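Asks: Residue numbers (the working numbering), protein chains in the order written: chain A, 31 to 443; chain B, 31 to 443.
Hints listed in this document are in silico derivations from the structure and should not be mistaken for laboratory results.
On a predicted model such as this, the values are computed, not experimentally measured, just so you know.
There could be a bad hint or two in this list.
With a Cα cut of at most 30 Å, we get these calculated DSSO-like pairs of lysine-lysine [to be verified]: (1) A:238 / B:109; (2) A:224 / B:109; (3) B:199 / B:395; (4) A:199 / A:32; (5) A:32 / B:109.
There are 2 protein chains.
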Amino acid sequence: MKATIITIGDEILIGQIVDTNSVSIAKHLNAAGIVVREKISIGDDRTQIIETAERALAGSEVTVITGGLGPTKDDITKKTLAEMFRSDMRYDERVAGHVEKMLAERGIEFNELNRSQAMVPACCTVLFNAHGTAPGMWFERDGHVVVSLPGVPFEMEHLMEDEVMPRLKTRFALRQIVHRTMITAGLPESMLAKRIEAWENALPPYLKLAYLPNPGAVRLRLSAYEVEGESVAREIENRFEALRRIIPHNIIGFETATMQEVVHKILTERSLTLATAESCTGGSIAARFTAMPGASAYFLCGVVSYSNESKAELLGVDPADIARYGAVSEQVARQMAEGVRRTAGADYGMATTGIAGPSGGSAEKPVGTVWIAVATPRETVAILKQCGTDRGQIIDRASAFAIGLLRDCLNGN
Amino acid sequence: MKATIITIGDEILIGQIVDTNSVSIAKHLNAAGIVVREKISIGDDRTQIIETAERALAGSEVTVITGGLGPTKDDITKKTLAEMFRSDMRYDERVAGHVEKMLAERGIEFNELNRSQAMVPACCTVLFNAHGTAPGMWFERDGHVVVSLPGVPFEMEHLMEDEVMPRLKTRFALRQIVHRTMITAGLPESMLAKRIEAWENALPPYLKLAYLPNPGAVRLRLSAYEVEGESVAREIENRFEALRRIIPHNIIGFETATMQEVVHKILTERSLTLATAESCTGGSIAARFTAMPGASAYFLCGVVSYSNESKAELLGVDPADIARYGAVSEQVARQMAEGVRRTAGADYGMATTGIAGPSGGSAEKPVGTVWIAVATPRETVAILKQCGTDRGQIIDRASAFAIGLLRDCLNGN
């Protein structure tokens with residue numbers, strides 16, 4: 031069972047937005063055993079919409095289209111699909127009532143633009159959009175399905191989950207797709223590939239291996255398409271188990287596992303607590319931890335000590351040391367980590383101080399220079415890292431290095 | 031001049047990664063006046079790569095391909111393009127030397143997988159990749175150009191900027207594309223469309239208007255394709271100027287303008303200072319401000335007071351009030367904002383306290399309940415907001431509402 035995803039909107043082609051809709055749709059289809067053959071993004075252009083949809087319809091059993099269903103003039107998907115399926119338009123009372131009610135709740139008048147949202151091609155099945163004003167549409171021709179969904183991510187997501195996927199599962203007899211991804215750290219791609227070469231060569235032909243390098247990590251994905259899911263999933267687990275014996279110290283976890291999740295798990299399991307003191311990372315480390323449900327069990331507090339005064343007052347850093355060594359120094363990083371650990375009464379304190387740029391660098395301490403420290407119940411560890419040249423990249427890398435150092439400390443490395 | 035972008039990788043089709051490469055490539059091409067006709071993502075599949083590249087080559091003068099150039103077995107783009115262009119492979123000494131040097135610097139051995147990266151199709155021009163081990167490639171056939179770049183975003187980006195764009199500008203006589211986007215807030219899409227209907231109807235036919243709704247904002251984009259840039263840019267400015275008279279209070283700014291940038295500008299211009307006290311937003315507000323260069327001029331410090339003890343110790347919140355009203359309450363939010371303002375000696379203090387979930391909600395204070403407060407030199411303002419049900423969404427929305435409230439206070443609203 032093959033699918034094509036089409037996202038419509040000039041904003042995609044000019045690079046104004048990142049297309050996350052197709053990512054979410056691809057995940058839904060994969061999880062149900064439907065293989066996405068191709069993803070295509072095109073503009074709000076009648077000819078191109080018809081050509082692309084016809085080609086998708088010919089090449090795959092399922093086509094999912096998003097975008098171009100808004101009330102304004104630049105949105106032409108609905109009328110173009112009606113034309114392609116040679117269908118009249120009809121006024122849908124249920125949609126009209128829903129739109130009117132939604133707008134009334136938000137104190138918005140029901141005007142003719144909104145009324146036009148209740149017009150739908152007569153030949154389609156309306157997919158009721160409980161969370162928005164543009165209805166989804168389900169078309170069929172010669173046993174092939176074409177679905178059109180609004181481009182607002184939240185509305186699209188609900189329609190995929192509540193309307194499209196249940197209908198696809200009823201409509202088609204689907205086989206299964208299995209993906210499993212192991213996250214490794216500490217070995218660059220080519221060294222990892224050499225290290226696991228024998229393991230890779232011994233994989234059965236129906237298991238496809240992909241290497242996905244990230245900064246600081248390489249992901250290994252095993253995939254099998256349109257198979258009996260349960261036995262293949264077990265086989266994949268066994269293969270990864272074997273890998274664990276080859277690279278035992280390089281495995282972070284599975285799927286979207288991150289270093290902060292590893293630390294989150296250790297702190298939670300051992301009932302340890304954490305406090306952060308951030309200068310150049312500006313709250314990013316605190317935000318990474320507190321984004322995870324359950325962080326309140328171990329995350330006591332964070333201080334973003336941007337000014338020298340706050341480093342002294344909130345963290346107890348010695349102003350004389352700031353003057354002598356500079357705010358970006360091993361001495362200050364250590365005192366920040368120890369200070370926040372003491373103030374918060376936490377088991378572990380961690381700190382960053384560096385130059386995120388674009389200004390503030392010097393020959394001795396260029397932009398990207400970051401001191402990182404972790405204060406533990408036994409000792410304080412500090413490292414110096416060069417984190418790049420771009421402000422965003424520096425913040426990201428310094429945060430990642432700091433969390434990595436904390437993991438090493440927790441593991442007693 | 032038309033272009034097609036092709037991104038290759040099974041990870042895109044299964045929804046494992048978000049394709050940001052095509053966004054960046056589209057921006058580069060647009061900026062040079064090249065119209066992106068279509069973006070296509072396909073798997074690491076020989077037949078599909080050839081079919082798609084041939085179709086792109088037939089339909090547009092420029093085709094940019096990324097992905098599938100790594101050293102491991104799953105990467106087949108290079109040999110597939112060599113086949114498509116009927117070319118032998120040759121060993122490129124410069125690439126080989128560069129790869130060996132890069133790896134040596136990182137302490138990585140030069141093995142046969144790395145050596146294979148120096149093999150390139152004899153018919154292509156090598157685009158030297160100073161930042162990575164996979165070279166870019168430039169092919170020509172019948173006046174059409176096909177460029178193949180590595181999928182690592184950082185390397186792709188440098189190659190686009192340093193190699194591809196200069197060559198395209200030399201190779202073709204290009205016209206211009208002009209896009210300008212105004213960010214509005216406070217009017218939902220359909221009301222905005224009604225309000226500016228006469229303005230929209232009076233636009234000249236070569237100016238294309240698009241409505242791009244975001245949570246809390248609607249972006250209005252005017253686009254003109256393959257025109258004389260300067261005069262059209264002036265015309266667009268005039269049109270937006272006219273719009274400013276119709277919706278004077280709803281304009282945030284242009285392009286990617288955000289509420290925090292508006293606040294950043296006000297604080298910087300008026301030499302005012304800011305301190306943040308965050309509970310449920312966990313450092314996100316501090317991270318939003320400190321991500322902007324120059325934030326150190328006004329951002330004094332932030333406190334992420336997750337524990338009740340830290341609310342009392344670092345911010346001076348009365349523990350009796352936490353016990354009486356709960357940590358998520360107007361009283362605590364006010365005291366947090368006032369406390370951090372006082373501790374930091376800042377002109378403005380802002381605070382959030384809420385229930386980010388998934389647990390911790392009650393009938394009276396469900397997940398998503400957030401109290402937001404801003405302490406100013408004159409008064410303290412507090413508002414209650416319901417910020418949704420998903421942890422990430424709650425953190426985002428609460429951060430946005432808080433920064434919006436600060437803007438209103440700074441504007442004296």
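Asks: Broken hints, numbered, in rising order?
Replies: 3
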